[in-house]
Amino acid sequence: MYKIIKKKILNPTVTLMDVEAPLVARKAEPGQFIILRVDAEGERIPLTVADFDREKGTVTIIFQIVGATTEKLNHLNEGDSILDFVGPLGVASHTEGLKKVAVVGGGVGCAIAYPIAKKLHSQGAEVHSIVGFRNKDLLILEDEFKKASSRYFVMTDDGSYGEKGLVTDALKKLLDAGERYDEVITIGPLIMMKFVSKLTKEYGVKTVVSMNPVMVDGTGMCGGCRLTVGGEVKFACVDGPDFDGHEVDYDEAMARAAMYKDFERHAYEETCNLFKQEVN
Amino acid sequence: MPNMSKTRNEMPTQAPDVRNKNFQEVALGYSEEQAIDEAQRCLNCKHKPCVNGCPVQINIPAFIQEIGKQNYEGAYQVISLSSSLPAVCGRVCPQEVQCEKYCVRGIKGESVGIGRLERFAADWHNAHPVEKIERPQLNGHKVAVVGSGPAGLTCAGDLAKKGYEVTIYEALHLAGGVLVYGIPEFRLPKAIVQKEIDTLQDLGVTVNTNVVIGRSISIEELMKENGYEAVFIGSGAGLPRFMNVPGENLNGVYSANEFLTRINLMKSYQEHSTTPIMPFKKVAVVGGGNVAMDAARCAKRLGAEDVYIVYRRSEEELPARREEVEHAKEEGIIFKLLNNPTEVLPNEKRFVGGMKCIQMELGEPDASGRRKPVEKPGSEFVLDVDCVIVAIGTSPNPLIKATTDGLATEKWGGIIVNPETGQTSIEGVYAGGDAVTGAATVILAMGAGKTAAKGIDEYIQSKKN
Ligand SMILES: Cc1cc2nc3c(=O)[nH]c(=O)nc-3n(C[C@H](O)[C@H](O)[C@H](O)COP(=O)(O)OP(=O)(O)OC[C@H]3O[C@@H](n4cnc5c(N)ncnc54)[C@H](O)[C@@H]3O)c2cc1C
Ligand code: SF4
Ligand code: FES
Numbered sequence: 001m002y003k004i005i006k007k008k009i010l011n012p013t014v015t016l017m018d019v020e021a022p023l024v025a026r027k028a029e030p031g032q033f034i035i036l037r038v039d040a041e042g043e044r045i046p047l048t049v050a051d052f053d054r055e056k057g058t059v060t061i062i063f064q065i066v067g068a069t070t071e072k073l074n075h076l077n078e079g080d081s082i083l084d085f086v087g088p089l090g091v092a093s094h095t096e097g098l099k100k101v102a103v104v105g106g107g108v109g110c111a112i113a114y115p116i117a118k119k120l121h122s123q124g125a126e127v128h129s130i131v132g133f134r135n136k137d138l139l140i141l142e143d144e145f146k147k148a149s150s151r152y153f154v155m156t157d158d159g160s161y162g163e164k165g166l167v168t169d170a171l172k173k174l175l176d177a178g179e180r181y182d183e184v185i186t187i188g189p190l191i192m193m194k195f196v197s198k199l200t201k202e203y204g205v206k207t208v209v210s211m212n213p214v215m216v217d218g219t220g221m222c223g224g225c226r227l228t229v230g231g232e233v234k235f236a237c238v239d240g241p242d243f244d245g246h247e248v249d250y251d252e253a254m255a256r257a258a259m260y261k262d263f264e265r266h267a268y269e270e271t272c273n274l275f276k277q278e279v280n
Numbered sequence: 281m282p283n284m285s286k287t288r289n290e291m292p293t294q295a296p297d298v299r300n301k302n303f304q305e306v307a308l309g310y311s312e313e314q315a316i317d318e319a320q321r322c323l324n325c326k327h328k329p330c331v332n333g334c335p336v337q338i339n340i341p342a343f344i345q346e347i348g349k350q351n352y353e354g355a356y357q358v359i360s361l362s363s364s365l366p367a368v369c370g371r372v373c374p375q376e377v378q379c380e381k382y383c384v385r386g387i388k389g390e391s392v393g394i395g396r397l398e399r400f401a402a403d404w405h406n407a408h409p410v411e412k413i414e415r416p417q418l419n420g421h422k423v424a425v426v427g428s429g430p431a432g433l434t435c436a437g438d439l440a441k442k443g444y445e446v447t448i449y450e451a452l453h454l455a456g457g458v459l460v461y462g463i464p465e466f467r468l469p470k471a472i473v474q475k476e477i478d479t480l481q482d483l484g485v486t487v488n489t490n491v492v493i494g495r496s497i498s499i500e501e502l503m504k505e506n507g508y509e510a511v512f513i514g515s516g517a518g519l520p521r522f523m524n525v526p527g528e529n530l531n532g533v534y535s536a537n538e539f540l541t542r543i544n545l546m547k548s549y550q551e552h553s554t555t556p557i558m559p560f561k562k563v564a565v566v567g568g569g570n571v572a573m574d575a576a577r578c579a580k581r582l583g584a585e586d587v588y589i590v591y592r593r594s595e596e597e598l599p600a601r602r603e604e605v606e607h608a609k610e611e612g613i614i615f616k617l618l619n620n621p622t623e624v625l626p627n628e629k630r631f632v633g634g635m636k637c638i639q640m641e642l643g644e645p646d647a648s649g650r651r652k653p654v655e656k657p658g659s660e661f662v663l664d665v666d667c668v669i670v671a672i673g674t675s676p677n678p679l680i681k682a683t684t685d686g687l688a689t690e691k692w693g694g695i696i697v698n699p700e701t702g703q704t705s706i707e708g709v710y711a712g713g714d715a716v717t718g719a720a721t722v723i724l725a726m727g728a729g730k731t732a733a734k735g736i737d738e739y740i741q742s743k744k745n
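These protein sequence lines map, in sequence, to chains P and A. With the first letter of the first sequence counted as 1, position 212 gets the number 212 in the numbering used here; the numbers rise by one all the way through. When you read off a place in the second sequence, starting at 1, and then add 280, the result is the number in the numbering used here.
Next comes chain P alone, as it looks inside the complex:
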């Protein structure tokens, strides 16, 4: 059992938790993820390591409530425990030798982008962060990003905060203004990563994306997480989650991500109903 030490609501649909998992905390690096199972009937879901404290033996996860499992997870509180919590899984993000980087995060993807920005910053790299949200209410990790970046831009779909527009608009402006990056690191919805990669390809800037497909075991055993990258099949859980953004087959990844949509909607509604009944 893995105890929840801290719980913080970041916005109405995004929650942060510090979980006691010393083995994971000891080894975790930005870019890696964990797999958890809330209870005995729960599915295994991957979540990126958003932060870690090696001394305290805790790992921070940030998740968006999108389905039955994250809904159940969100109903746990400080002092409660998560049944299974395994990691760190996947390959850590490569940050060595990078001098100037644009970190582009979308929505809850910012939770994954943040530890990378932080690490780059602590290594002395110049970090420009561009974060995008649907609206102001959904904004997360603003102070954290500001601390880790020399330039910070917020984009919202409706203009309720920062500038109105897409993260690609902001990135394009920077590139057009002559900013040259060793690498663009982008994490967020598939469609956003697809368009960021398309843009950076035009400018010839190396781009790394973090993929988060459906997973089961997270150890390379099932192949459920497979993607096509540069014409080859890769397992995101062991070969990734980071891949060359210019090589990923996004359309395939989007189709695969939608595989269980109907099932999930149903399970989510059922879980919500259950919780509602408990309240009444």
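Read the hints as simulated data drawn from the structure, not as lab findings. Check before you lean on any hint, since a few could be wrong.
Heads up, incomplete: computed chain P residues facing chain A, CB under 8 Å, no partners named [to be verified]:
hint : residue
1    : L23
2    : I65
3    : V86
4    : G87
5    : P88
6    : G230
7    : V233
8    : Y250
9    : E252
Even for Gly, the Cβ is constructed at its ideal location relative to N, Cα and C.
Chain P is already provided as a structure; the job is to place chain A with the ligands on it using the hints.
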């Protein structure tokens, strides 16, 4: 006077059209009367040809004699001298190519039902527990075991009995390896596997689930920082192979590992499980081994109307246990033999819309001695399916090799060991089971666990002096 019936006692089973809708065990096990009757078919041969067919050399006639004398616990004890998992092996061993293949009674009739009798003795033992196992005196030495499949469980058990302090590290949330995530409930009830694990824990073995060796802790750290004097790697052959045909990443194409894991480990067939599995109607399973049979029979149980086994050779070459093939046929699985997939076709939603196949014929024998299947030109056709399950084999997971400096492996990934001791290229590090041989059998993995336990014991004892 031996029982000279040419045929063996039939195994009572659930009726095919009942069982293909539930996940309860298919074979129900011999009654006492049947077991005694079957035991009396054994001639107690002096030269024991059956024993030579057994990978771990169980003294077969001796345990069968005990059953004949109604000393069932005695029978179990005889088996226990050579095997750690009788209740499992009695159910899943390919007896027809091992002990039963060499049985004298098989010459003029059916061989003695050795596997069925083994299962009977083991089930009897489990149903009549003797006094609680006493924990052996600890000898002050620590050993780590990576993986909790049959190889790891056996190695851990043997070492614990000798007084070692053993910790098993398992990547998944449940111990048992393929026995829990691969082989379905209807063939191997999970309670039996759990019983084996409980017994190990009674012996003092610690089971740490949710630890991926190579990621959470490395082998080197186990030895240098955690104080283990030896490590046994029983990490299996979990990496699924795909066909490399177009359309293989469409929605609805699964590796057998994924399909079976969703069902067996995550229990997606049960109402309350939140792990999804789709209600597919027409399923093609590619491959002809036990894994393929298990996947096909699971698909049927989940409500698929048409389930096909698509295999490129003929019936004779099917590598699955005979009994599984027969059970699958009885349950309505359709065998499309001498066919090979060439493409998975999409429907408009990027789900599987069909599978293109080509007919095959058998040509000259290849390196494995089996006749090589060759394509019949112009014989392509489309099989109407909405799900494809790929069960064409697995290889060892490269994670441990990639994170352990100096661990020698074959090109295809198998860890190289000294077959006498199980030792790898690194001192103090041993390996066995599918991680060494590639996908094989429970009994071989168990045997390898035993060999390595002996090797580890000798190594640690020799270091002491
Ligand atoms: C569907 C199916 C049906 C089968 N049917 C039969 C049958 O009827 N008869 C038969 O004899 N054989 C059968 N087999 C084969 C048999 O199950 C295997 O040969 C046997 O289980 C191998 O045992 P093992 O201990 O080597 O490995 P496994 O059983 O594969 O166990 C390995 C364990 O190690 C864990 N692991 C892997 N990497 C790590 C790591 N880095 N850190 C920690 N843990 C790790 C895995 O999660 C797994 O639990 C079948 C296999 C499958 C898949
Ligand atoms: S070969 Fe057959 S008859 Fe002879 S001892 Fe073995 S099981 Fe009995
Ligand atoms: S999640 Fe199973 S192989 Fe990646």
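> Can we keep the E252 of chain P interface hint, with Cβ of chain A closer than 8 Å?
Replying inline: holds, 6 Å
>> Tell me if the interface restraint on V86 of chain P is satisfied: Cβ within less than 8 Å of some Cβ in chain A.
In response: Holds. Min distance 4 Å.
> Any CB of chain A closer than 8 Å to the CB of P88 of chain P?
Replying inline: holds, 6 Å
> Does the nearest C-beta of chain A fall within a distance shorter than 8 Å of the C-beta of V233 of chain P?
Replying inline: holds, 7 Å
>> Under 8 Å is the threshold here; is the Cβ of G87 of chain P close enough to any Cβ of chain A for the hint to stand?
In response: Check passed: Cβ of G87 of chain P comes within 7 Å of chain A, closer than 8 Å.
>> Given a cut of 8 Å on the nearest C-beta pair, is the interface hint for L23 of chain P held or broken against chain A?
In response: holds, 5 Å
>> Holds or violated: the hint that Y250 of chain P contacts chain A, with Cβ atoms closer than 8 Å.
In response: violated, 13 Å
>> Using the nearest Cβ pair, does I65 of chain P come within less than 8 Å of chain A?
In response: Violated: closest Cβ of chain A sits about 14 Å from I65 of chain P, beyond 8 Å.
>> Checking hints one by one. Is G230 of chain P an interface residue toward chain A, by the C-beta closer than 8 Å rule?
In response: violated, 14 Å
When each numbered hint is compared with the structure, violations occur for hints 2, 6, 8.
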